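Engineer: Sequence:
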Amino acid sequence: MADLKDFAEQLVNLTVKEVNELADILKEEYGIEPAAAAVAVAAGGGGEAGEAAEEKTEFDVILKAAGASKLAVVKLVKELTGLGLKDAKDIVDSAPKAVKEGVTKDEAEGIKKSLEEAGAEVELK
Numbered sequence: 609m610a611d612l613k614d615f616a617e618q619l620v621n622l623t624v625k626e627v628n629e630l631a632d633i634l635k636e637e638y639g640i641e642p643a644a645a646a647v648a649v650a651a652g653g654g655g656e657a658g659e660a661a662e663e664k665t666e667f668d669v670i671l672k673a674a675g676a677s678k679l680a681v682v683k684l685v686k687e688l689t690g691l692g693l694k695d696a697k698d699i700v701d702s703a704p705k706a707v708k709e710g711v712t713k714d715e716a717e718g719i720k721k722s723l724e725e726a727g728a729e730v731e732l733k
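Residue numbers (the working numbering): 609 to 733.
Keep in mind that the hints were calculated from the coordinates and are not lab data.
In this text, all values refer to a predicted model and were calculated from it rather than measured experimentally.
Just to be clear, a hint being listed does not mean it is correct.
Simulated crosslink set (BS3-like; lysine-lysine; CA at most 25 Å straight-line) [stated by the list, open to error]:
(1) Lys683 / Lys733
(2) Lys713 / Lys683
(3) Lys720 / Lys697
(4) Lys678 / Lys721
(5) Lys733 / Lys678
(6) Lys708 / Lys664
(7) Lys664 / Lys733
(8) Lys686 / Lys705
(9) Lys625 / Lys635
(10) Lys697 / Lys664
(11) Lys683 / Lys694
(12) Lys697 / Lys686
(13) Lys625 / Lys613
(14) Lys708 / Lys694
(15) Lys672 / Lys686
(16) Lys683 / Lys664
(17) Lys686 / Lys721
(18) Lys683 / Lys625
(19) Lys664 / Lys694
(20) Lys678 / Lys708
(21) Lys635 / Lys686
(22) Lys720 / Lys705
(23) Lys697 / Lys708
(24) Lys672 / Lys697
(25) Lys683 / Lys672
(26) Lys686 / Lys708
(27) Lys713 / Lys733
(28) Lys720 / Lys733
(29) Lys733 / Lys697
(30) Lys678 / Lys694
(31) Lys733 / Lys672
(32) Lys713 / Lys672
(33) Lys705 / Lys678
Beta-carbon label-pair distances, calculated as ranges [said to hold, decoys possible]:
(34) Asn628 / Lys664: 22 to 28 Å
(35) Val620 / Glu724: 29 to 35 Å
(36) Lys613 / Gly690: 45 to 51 Å
(37) Lys694 / Lys672: 57 to 63 Å
(38) Thr623 / Pro704: 22 to 28 Å
Backbone N, C-alpha and C define an ideal beta-carbon position, used for all residues, glycine too.
The whole structure should be built from the sequences, with the hints applied where relevant.
Structural biologist: Written as structure tokens, this is what we have:
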């Protein structure tokens, strides 16, 4: 089992050049096409390898729960989204719900921080 963990660690830490060399070896010596190898590595390699290969540029800010200070969260959602009070309240009442979608990482983290300071539970996707 420890050997498999070591092997997985080595796969996750491969450079782009090393991945290309591995794909060539798999194709030439074992007849495995690189696309199939990439699928196999992605399926077995776990989330970190996929995230490192493709950095997210757009995030959704999801309100999971309003918390104890629901009124403060409603006011903040109204301010952040530019919606009316009723629409902001509807978002908070129907949590989990997206507050903002397709925003930059910095903006998403700022919104998350503001909402958490108001007492809400928030996640970024």
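Engineer: Confirm or reject each hint.
Structural biologist: Taking the hints in turn, this is what the structure says about them:
| no. | hint | verdict |
| --- | --- | --- |
| 1 | Lys683 / Lys733 | 23 Å, holds |
| 2 | Lys713 / Lys683 | 23 Å, holds |
| 3 | Lys720 / Lys697 | 17 Å, holds |
| 4 | Lys678 / Lys721 | 16 Å, holds |
| 5 | Lys733 / Lys678 | 22 Å, holds |
| 6 | Lys708 / Lys664 | 16 Å, holds |
| 7 | Lys664 / Lys733 | 9 Å, holds |
| 8 | Lys686 / Lys705 | 14 Å, holds |
| 9 | Lys625 / Lys635 | 15 Å, holds |
| 10 | Lys697 / Lys664 | 29 Å, violated |
| 11 | Lys683 / Lys694 | 10 Å, holds |
| 12 | Lys697 / Lys686 | 8 Å, holds |
| 13 | Lys625 / Lys613 | 22 Å, holds |
| 14 | Lys708 / Lys694 | 17 Å, holds |
| 15 | Lys672 / Lys686 | 16 Å, holds |
| 16 | Lys683 / Lys664 | 29 Å, violated |
| 17 | Lys686 / Lys721 | 16 Å, holds |
| 18 | Lys683 / Lys625 | 51 Å, violated |
| 19 | Lys664 / Lys694 | 32 Å, violated |
| 20 | Lys678 / Lys708 | 18 Å, holds |
| 21 | Lys635 / Lys686 | 56 Å, violated |
| 22 | Lys720 / Lys705 | 13 Å, holds |
| 23 | Lys697 / Lys708 | 15 Å, holds |
| 24 | Lys672 / Lys697 | 14 Å, holds |
| 25 | Lys683 / Lys672 | 16 Å, holds |
| 26 | Lys686 / Lys708 | 11 Å, holds |
| 27 | Lys713 / Lys733 | 10 Å, holds |
| 28 | Lys720 / Lys733 | 11 Å, holds |
| 29 | Lys733 / Lys697 | 22 Å, holds |
| 30 | Lys678 / Lys694 | 13 Å, holds |
| 31 | Lys733 / Lys672 | 12 Å, holds |
| 32 | Lys713 / Lys672 | 18 Å, holds |
| 33 | Lys705 / Lys678 | 14 Å, holds |
| 34 | Asn628 / Lys664: 22 to 28 Å | 24 Å, holds |
| 35 | Val620 / Glu724: 29 to 35 Å | 30 Å, holds |
| 36 | Lys613 / Gly690: 45 to 51 Å | 49 Å, holds |
| 37 | Lys694 / Lys672: 57 to 63 Å | 21 Å, violated |
| 38 | Thr623 / Pro704: 22 to 28 Å | 38 Å, violated |
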